Amino acid sequence: MTKVLLRYTNLVLATLFVLSLLSFILAYLFPGQAIENLTGLRLLELTERQNSELKYAVDANILVQYWHYMGELFAGNWGVSFSSGLPLIEDVSHYLPASIELSAYALFLSFFIGLPLGFLAALRHHKFTDYSLLSVSLLGYSIPVFWLALILILFFSLQLGWFPLSGRISLLFEIPRATGFILIDILLSDSIDKSAALTSALRHLILPTLSIAVVTTTLIIRITRRSVIKTLNSEFILAAYARGLTPRQVLMRHGVRNALIPILPLLAMQFPTLLTNAMIVESIFSWPGIGNWLIQAIYQQDYPAIRAGMLAVSVLVVIFTMSIDLTIRLTDPRRRRAERATI
Amino acid sequence: MLSSICLCACDGLLLSKTDPNGIVYCSEGSPANFNPQLDTSGTTVDASSHQIYDRLIDFDPVTGDFVPALATSWLISDDGKTYTFQLRRKVSFHDTQTFTPTRYFNADDVLFSIDRWRLMTHPFHQISGGRYPYTDSLKLADLITKVTRLNGYRVEITLNKPESSFLANLATDFAVILSAEYADKLISRNQKELIDHKPVGTGPYQLASFRQDRYIRYTKHPKYWRNIQLTDKLIFDITPSSSLRLAKLITAECDAIALPAHSELEVIKQQDALVLDEKPGLNIGFWAFNTSKAPFNNPEVRRALGMAIDKNALIEAIYFNSAILAKNIVPPTSWAFQSDVKALSYNPIAAKKLLREQGIPENFSMTVWAMPVQRAYNPNATKMAELIQAYLQEVGIQVNIISYEWSTFRERLTQGIHDSVLIGWSADNGDPDNFYRPLLSCAAIESGTNRAMWCSQEYDLLINKALQYTDISERTYFYGQANELLAEQLPLIPIAHASRYQAHRKELQGLVINPYGGVRFGGVKKL
Chain A
1 MTKVLLRYTN LVLATLFVLS LLSFILAYLF PGQAIENLTG LRLLELTERQ NSELKYAVDA
61 NILVQYWHYM GELFAGNWGV SFSSGLPLIE DVSHYLPASI ELSAYALFLS FFIGLPLGFL
121 AALRHHKFTD YSLLSVSLLG YSIPVFWLAL ILILFFSLQL GWFPLSGRIS LLFEIPRATG
181 FILIDILLSD SIDKSAALTS ALRHLILPTL SIAVVTTTLI IRITRRSVIK TLNSEFILAA
241 YARGLTPRQV LMRHGVRNAL IPILPLLAMQ FPTLLTNAMI VESIFSWPGI GNWLIQAIYQ
301 QDYPAIRAGM LAVSVLVVIF TMSIDLTIRL TDPRRRRAER ATI
Chain B
1 MLSSICLCAC DGLLLSKTDP NGIVYCSEGS PANFNPQLDT SGTTVDASSH QIYDRLIDFD
61 PVTGDFVPAL ATSWLISDDG KTYTFQLRRK VSFHDTQTFT PTRYFNADDV LFSIDRWRLM
121 THPFHQISGG RYPYTDSLKL ADLITKVTRL NGYRVEITLN KPESSFLANL ATDFAVILSA
181 EYADKLISRN QKELIDHKPV GTGPYQLASF RQDRYIRYTK HPKYWRNIQL TDKLIFDITP
241 SSSLRLAKLI TAECDAIALP AHSELEVIKQ QDALVLDEKP GLNIGFWAFN TSKAPFNNPE
301 VRRALGMAID KNALIEAIYF NSAILAKNIV PPTSWAFQSD VKALSYNPIA AKKLLREQGI
361 PENFSMTVWA MPVQRAYNPN ATKMAELIQA YLQEVGIQVN IISYEWSTFR ERLTQGIHDS
421 VLIGWSADNG DPDNFYRPLL SCAAIESGTN RAMWCSQEYD LLINKALQYT DISERTYFYG
481 QANELLAEQL PLIPIAHASR YQAHRKELQG LVINPYGGVR FGGVKKL
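Residue numbers (my numbering), protein chains in the order written: chain A, 1 to 343; chain B, 1 to 527.
The reader is advised that the hints may include incorrect statements.
As the list claims (entries may be wrong) - Some residues of chain A that are not near chain B, with every Cβ distance over 10 Å (derived):
| # | residue |
| --- | --- |
| 1 | Glu53 |
| 2 | Ser84 |
| 3 | Leu158 |
| 4 | Phe163 |
| 5 | Ile192 |
| 6 | Ala268 |
| 7 | Arg329 |
Unchecked claim - Below, in silico cross-link-like pairs of lysine-lysine (BS3-like), each with a Cα-Cα straight-line distance of 25 Å or less:
| # | chain 1 | residue 1 | chain 2 | residue 2 |
| --- | --- | --- | --- | --- |
| 8 | A | Lys194 | B | Lys146 |
| 9 | B | Lys90 | B | Lys198 |
| 10 | B | Lys220 | B | Lys198 |
| 11 | B | Lys465 | B | Lys146 |
| 12 | B | Lys185 | B | Lys161 |
| 13 | B | Lys139 | A | Lys194 |
Hints listed in this document are in silico derivations from the structure and should not be mistaken for laboratory results.
In this text the structure is predicted, and so the values were computed from the model without any measurement.
Just so you know, even glycine gets a beta-carbon here, dropped at the ideal spot from N, CA and C.
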């Protein structure tokens with residue numbers, strides 16, 4: 001147990017080290033001066049420049065520089081954006097919650113749809129329902145996310161006019177920012193018409209959530225189906241039948257729990273995939289999230305922003321993935337990595 | 001069952017559209033700041049000029065006449081050198097988070113606003129860069145001898161020579177009136193740079209918040225002096241992609257959009273909920289040669305290049321016939337327009353011959369710079385450059401198309417490292433001087449609006465003479481001579497005058513195309 005824990009901590013630290021090193025090196029690889037890429041300031045005045053150079057110890061050797069860079073990172077000085085002039089840590093913490101929110105809702109939606117359908121497919125194993133669900137899920141899995149998003153916009157926004165196609169909420173609502181999660185912020189605020197604001201926010205949420213959720217839902221259907229089939233073929237299920245329980249009782253008392261427990265962590269592992277897809281979908285729906293922000297930064301050659309955004313997102317994904325992975329290891333040591341990779 | 005729940009929920013969501021009262025305008029980009037004195041780009045002007053500020057006088061957008069704004073009346077002396085303005089009383093400045101005005105607008109504010117760009121020694125002159133492109137290009141600072149406060153509500157401006165376009169310049173989007181009291185507050189707080197980023201003006205809307213590349217929020221100025229309709233909120237939803245702006249207009253996420261693309265005009269016309277307004281534009285799209293560089297310093301080479309391109313085909317392909325072929329640098333709606341100036345006709349064979357005569361070898365290579373942004377006067381410079389590339393290939397000239405991000409592009413143009421550039425100009429007032437001087441005068445090279453880097457003493461003399469007269473027929477005579485000089489010298493090839501379009505939803509009423517510059521939301525309401 002301790003050994004596993006230690007190994008994981010080491011792995012996380014090593015990965016984070018590589019990531020931070022990469023982000024540090026990026027400042028030197030990007031065009032322009034490294035010190036400007038690190039601070040994000042156009043250092044025109046000499047005293048200003050000297051101050052910054054002192055802070056990042058640009059005259060010292062590369063290791064000392066890296067050490068200073070890490071010091072600044074941990075102190076929350078990530079530099080400022082070239083284009084907006086705002087501190088990057090503020091920008092990242094402004095946009096990241098929007099992405100997490102979108103991914104989280106999409107994950108819930110996928111669970112909500114994927115789990116029951118997975119069960120259904122497994123129970124109707126080798127029957128028409130099973131095959132049709134399988135083929136639909138294969139189709140959903142192969143649809144490119146951005147294409148799906150565009151089709152949804154074309155149909156639901158432009159043709160039917162049901163849903164808006166950009167942003168998180170109508171800009172006419174001014175939601176005071178508390179957590180960065182729009183639905184929570186609306187509930188927390190007291191100056192506005194809550195139900196109208198919630199309606200507007202939900203209308204904005206539906207299309208992006210759907211477009212991300214489709215891929216994950218199909219994955220969840222397939223994972224659940226496999227697990228349920230495997231569980232239902234176990235001997236303890238046969239034993240339960242032998243005890244005279246009805247199929248319904250067998251499923252509820254023995255099937256559901258035994259099928260779900262091993263796969264729940266696997267399902268949570270979909271979150272990083274979701275986040276990646278969310279970043280693509282964001283730029284289509286002009287969702288003010290980290291993905292959209294990063295793409296803007298790339299367009300505008302905002303090197304400090306690219307560096308900080310990349311670091312923030314990858315650290316988040318690494319930590320999340322590792323902690324889920326760790327939970328799986330700790331709760332179910334029999335499982336092997338190879339098994340988790342299959343769909 | 002699941003789907004029926006979903007449908008019910010959706011129904012509720014679909015039917016209730018109870019957004020708060022306000023207007024959303026989808027604009028094309030983030031303004032550089034909120035002071036049009038500092039930036040002539042349409043984006044900055046749209047975001048500030050008519051929303052946050054007022055001017056001493058305005059153009060009537062329909063008739064083009066001068067109408068009183070912050071000045072209730074004005075008087076021009078007989079020698080044309082002294083202008084006296086009587087100012088409006090009881091005009092309030094914005095009460096913002098950073099500033100609460102204690103007095104009404106008065107002569108001090110006028111002095112402050114003009115002196116800021118006029119006097120190098122002014123405490124605010126160097127703030128935000130110290131460059132005032134519009135007034136610099138017209139050398140207005142040199143023209144004005146003094147600005148005097150006669151009393152609290154009377155200001156006198158003295159010029160060193162009569163200049164008939166002066167009043168028009170005071171009515172442009174750039175001659176905004178700032179608050180002197182706010183400036184004093186900023187000096188005492190040592191935050192002078194805020195004056196252009198947290199602006200205070202007298203205009204119908206005040207800035208509430210701005211997030212780069214996302215939105216600009218304005219709220220109503222509750223004590224606005226004009227008795228016109230204002231909505232509680234005005235929002236600029238910054239949407240750089242033109243097709244996305246149109247899509248948002250269709251889904252009613254925007255009430256009006258900036259710069260509808262020429263290729264999308266048909267789509268807008270087909271939608272019942274949308275309105276498309278059209279007006280002949282006061283603009284010119286042209287192809288300018290860098291006349292400071294050989295061989296483009298040779299007028300015959302420029303003429304040959306001009307003959308090598310088919311302008312009618314360009315207009316069809318780029319403007320989708322929503323523009324007219326340009327003969328002069330001023331559009332036909334201007335009184336300085338001359339229809340009898342001979343325009344270059346498309347003749348690749350003669351062009352090729354002329355090029356060889358002037359010693360331009362086969363496979364000579366040149367650059368055409370294509371601006372990266374879409375403007376009314378040239379909706380797609382890159383595509384136009386590609387067409388020109390093909391035309392010039394026929395006369396044995398290789399073209400490299402060059403483009404940078406917009407601000408870099410303009411910066412490098414000012415350095416004069418281009419061979420030729422596709423760019424243009426939108427007029428800021430109805431006076432033809434607004435075309436002749438900024439585009440081709442010697443002074444405009446330095447201020448960065450003379451893209452041909454062309455400096456002709458003869459031309460400068462003509463257009464300066466034209467300014468000394470107030471009588472239009474006399475001015476027309478001099479501009480006519482200038483037109484002929486341009487047709488002979490061809491520092492730039494005029495291509496097209498594009499019509500101006502504005503698209504908005506039916507619910508929005510009162511939005512008119514302002515041919516003299518930026519969009520105005522004062523008086524616009526949503527049903």
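Structure-based check of all given hints:
1. Glu53: At about 24 Å from chain B, glutamate 53 (chain A) clears the 10 Å cut-off, so the statement holds.
2. Ser84: Check fails; 4 Å does not lie beyond 10 Å.
3. Leu158: Its Cβ does come within 10 Å of chain B, the nearest being 6 Å, so this is violated.
4. Phe163: Contrary to the label, phenylalanine 163 (chain A) does not stay out of reach of chain B, its closest Cβ about 8 Å off (not over 10 Å).
5. Ile192: violated (8 Å)
6. Ala268: About 23 Å separates alanine 268 (chain A) from the closest Cβ of chain B, which puts it past 10 Å; holds.
7. Arg329: holds (35 Å)
8. A:Lys194 <-> B:Lys146: Distance ~57 Å between lysine 194 (chain A) and lysine 146 (chain B) Cα, so the pair is violated.
9. B:Lys90 <-> B:Lys198: holds (23 Å)
10. B:Lys220 <-> B:Lys198: holds (16 Å)
11. B:Lys465 <-> B:Lys146: Answer holds: lysine 465 (chain B) to lysine 146 (chain B) is near 22 Å, not above 25 Å.
12. B:Lys185 <-> B:Lys161: violated (36 Å)
13. B:Lys139 <-> A:Lys194: violated (55 Å)
Checked against the numbered hints listed earlier, the structure breaks hints 2, 3, 4, 5, 8, 12 and 13; every other hint is satisfied.
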